[in-house]
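Participant: Sequence:
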Amino acid sequence: MNKNLLLCILFSLLLVSCGHQNNGGMNVATYNIRIINKQDSIDGNGWTQRLPHIADVIKFHGFDIFGTQEGLRPALNDLKSSLQGYDYIGVGCDDGADAGGNNAIFYNTDKFDLLDNGTFWLSETPDSISFGWDAAYRRVCTWGKFRHRESGLRFIYYNLHLDHIGTVAQAESAKLILRKIKEQPEPLPVILSGDFNVDQNSESYRLINQSGVLLDAYDTAPLRYINTSTFNNYDPHGSFLTPSGDFQRIDHIFFSPDFTVKKYGVLTDTYRTQNTDSTIISRVPSDHYPVMVTVEL
1 MNKNLLLCIL FSLLLVSCGH QNNGGMNVAT YNIRIINKQD SIDGNGWTQR LPHIADVIKF
61 HGFDIFGTQE GLRPALNDLK SSLQGYDYIG VGCDDGADAG GNNAIFYNTD KFDLLDNGTF
121 WLSETPDSIS FGWDAAYRRV CTWGKFRHRE SGLRFIYYNL HLDHIGTVAQ AESAKLILRK
181 IKEQPEPLPV ILSGDFNVDQ NSESYRLINQ SGVLLDAYDT APLRYINTST FNNYDPHGSF
241 LTPSGDFQRI DHIFFSPDFT VKKYGVLTDT YRTQNTDSTI ISRVPSDHYP VMVTVEL
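Following the working numbering, the numbering of the sequence shown begins with 1 at its first residue and continues without gaps.
Quick caveat, the hints were computed from the structure, so don't treat them as lab data. Misleading hints may appear alongside valid ones.
Here are the simulated lysine-lysine pairs, DSBU-like style, with alpha carbons at most 30 angstroms apart [unchecked claim]: (1) Lys182 - Lys59; (2) Lys182 - Lys111; (3) Lys111 - Lys80; (4) Lys38 - Lys263.
Simulated restraints, written as ranges between beta carbons of each label pair [stated by the list, open to error]: (5) His61 - Gly118: 23 to 33 angstroms; (6) Ala99 - Ser244: 36 to 46 angstroms; (7) Glu203 - Gly44: 13 to 23 angstroms; (8) His164 - Leu223: 39 to 49 angstroms; (9) Phe247 - Ala136: 20 to 30 angstroms; (10) Gln184 - Gln274: 30 to 40 angstroms; (11) Glu186 - His237: 15 to 25 angstroms; (12) Arg179 - Asp134: 31 to 41 angstroms; (13) Gln274 - Leu188: 45 to 55 angstroms; (14) Asp219 - Asp98: 36 to 46 angstroms; (15) Ile165 - Asp219: 26 to 36 angstroms; (16) Lys80 - Glu203: 34 to 44 angstroms.
All C-beta atoms, glycine included, are put in the ideal place defined by N, C-alpha and C.
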């Protein structure tokens, strides 16, 4: 073979290889794993029963980095033990340590370096443990600055759980998130995920999606897999619709325009249990379905 032709082929292959390795591709997800409580155990949806199935969903679908909601510290440690090679960041909303719901961010330590992290409360005094506006509970946002090892690209990930009752708190929390993003010391790419407790027709959703800062992955994905609402209330056959007849989405993932969304999915994996009378029951691992998005930087 001509020497110059051989060199051209090798150089072309090198370019393809480098481009493939440095595209920043990753699977991002949000998953409300449901707080541990006695009634769930009575109903057959106890944490120890659900845990292995939650872990299997995460491993099978290949979540690289994902936000969780409602995780108490024991549940988060259980999940970490079930996910080899993952770590998480986050603190409890009630004391800034272990008490209360924790909006943790899990990440694959082989794929990401954690550079910095912190927490702020969704309130008028975000730097202190506090209730915000008309919220029924203390609510926090966890954030982490990460480096994607393969590409070297850095980004900031925010994960939250908005209040389920306080409409003022929902809207003001959205404004606070946007303000925090604009106040970043570095203009880095941003991911925001969470259980927003409101669907795509709400004020707080529109504040974020029409901000010019972040876009809903659902809107920009060329491939969407969604055949139900993101909240299931432990019913694998049920779904919730908006007044216009669309599937209700209360779990959202937003990205800054630095990301290219490749696909979006609401993952409806189920598992089976057997009653004492040998009847088979179909169950879901949590009362929310996880939302997963594949993106490139």
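Participant: Each hint should be assessed against the structure and marked as holding or not.
Facilitator: Hints, verified against the model:
no.: 1; hint: Lys182 - Lys59; verdict: 34 angstroms, violated
no.: 2; hint: Lys182 - Lys111; verdict: 27 angstroms, holds
no.: 3; hint: Lys111 - Lys80; verdict: 16 angstroms, holds
no.: 4; hint: Lys38 - Lys263; verdict: 37 angstroms, violated
no.: 5; hint: His61 - Gly118: 23 to 33 angstroms; verdict: 28 angstroms, holds
no.: 6; hint: Ala99 - Ser244: 36 to 46 angstroms; verdict: 40 angstroms, holds
no.: 7; hint: Glu203 - Gly44: 13 to 23 angstroms; verdict: 37 angstroms, violated
no.: 8; hint: His164 - Leu223: 39 to 49 angstroms; verdict: 31 angstroms, violated
no.: 9; hint: Phe247 - Ala136: 20 to 30 angstroms; verdict: 26 angstroms, holds
no.: 10; hint: Gln184 - Gln274: 30 to 40 angstroms; verdict: 51 angstroms, violated
no.: 11; hint: Glu186 - His237: 15 to 25 angstroms; verdict: 47 angstroms, violated
no.: 12; hint: Arg179 - Asp134: 31 to 41 angstroms; verdict: 19 angstroms, violated
no.: 13; hint: Gln274 - Leu188: 45 to 55 angstroms; verdict: 49 angstroms, holds
no.: 14; hint: Asp219 - Asp98: 36 to 46 angstroms; verdict: 37 angstroms, holds
no.: 15; hint: Ile165 - Asp219: 26 to 36 angstroms; verdict: 27 angstroms, holds
no.: 16; hint: Lys80 - Glu203: 34 to 44 angstroms; verdict: 36 angstroms, holds
The structure is inconsistent with the numbered hints 1, 4, 7, 8, 10, 11, 12, although it conforms to all the rest.
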